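Trainee: Counting in this note's numbering, the sequence shown runs from 345 upward without gaps.
Misleading hints may appear alongside valid ones.
Below, computed lysine-lysine pairings styled on DSSO-like, alpha-carbon distance capped at 27 Å [what the hints assert, rightly or not]: (1) Lys552 - Lys369; (2) Lys487 - Lys552; (3) Lys487 - Lys442.
So the derived label-pair ranges between C-beta atoms look like this [unchecked claim]: (4) Asp529 - Ala440: 15 to 23 Å; (5) Leu357 - Leu438: 31 to 39 Å; (6) Lys442 - His520: 25 to 33 Å.
These are calculated hints, taken from the structure and not from any lab test.
The model shown is predicted, which means the values in this text are computed figures rather than measured ones.
Beta carbons are placed, not taken as given, at the ideal position from N, Cα and C, and that holds for glycine.
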Amino acid sequence: MTVWLSRLMLNPLSRAVQADLGSSKAAINLHRRVMSLFPETEGDDARAQFGVLFRVEDAPQGYAVLIQSAHEPDSARLPEGYGALRSRPLDPLLDALKPGRRIRYRCVANAVRRPGATTRELYQLKAVVPLSGRVADEWWQRKATAAGLEVESVLSHPVDTVRGPRGTSGEAAKQHMRHHRTQFDGTAVVTDADQLRQHIVAGVGRAKSYGCGLLTVAPAGSVG
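Whole structure, please, built from the sequences with the hints as guidance.
Mentor: Written as structure tokens, this is what we have:
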């Protein structure tokens, strides 16, 4: 299976781009836009079927969407003038991962805690508690360790919360979602290359349909 990494540079003058990034339904719109790059399927979870993970990045040239998938996305499915899509196989980088190799990483993740019923009642907590600061860093340390990494450094900061209706019609349009997001950057040493490859392909944490979970790595001495 070939894993693809694609960068979609967005045209800020496109009305479709403006709707996907700036409307009250931006979260669901952007999810649907990314999924529109792939063939239609009868399955219940097309995102998982095609291994799609993505995140929005503020690049020097403007906003870009970084997309990872198990199927090459088709730029012909984009509206005219939406943006420029470039794809490349990620397999050479995945094959080069070895124990002891130092890498740089980035991951925008839904760092949350889900306390049990007794704890929620005792401390009057919500079912999902967003994490920040040192506690979020500790959450990332645990996730990174499970992903076959020994973290050397971590720099984290919150990014915009994903919020909006779960859908555009029916009951989903009446239900609202909120996913807090934190970006983690730093360096680490590979301890288990197989585990790392699995977590890169599968993603980290929850809210993967809304720009969370994509773990990207590069050799520690590289630029960009």
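Trainee: Does the structure break any of the earlier hints, and which numbers would those be?
Mentor: Violated hint (a single one): 6; every other hint is consistent with the structure.
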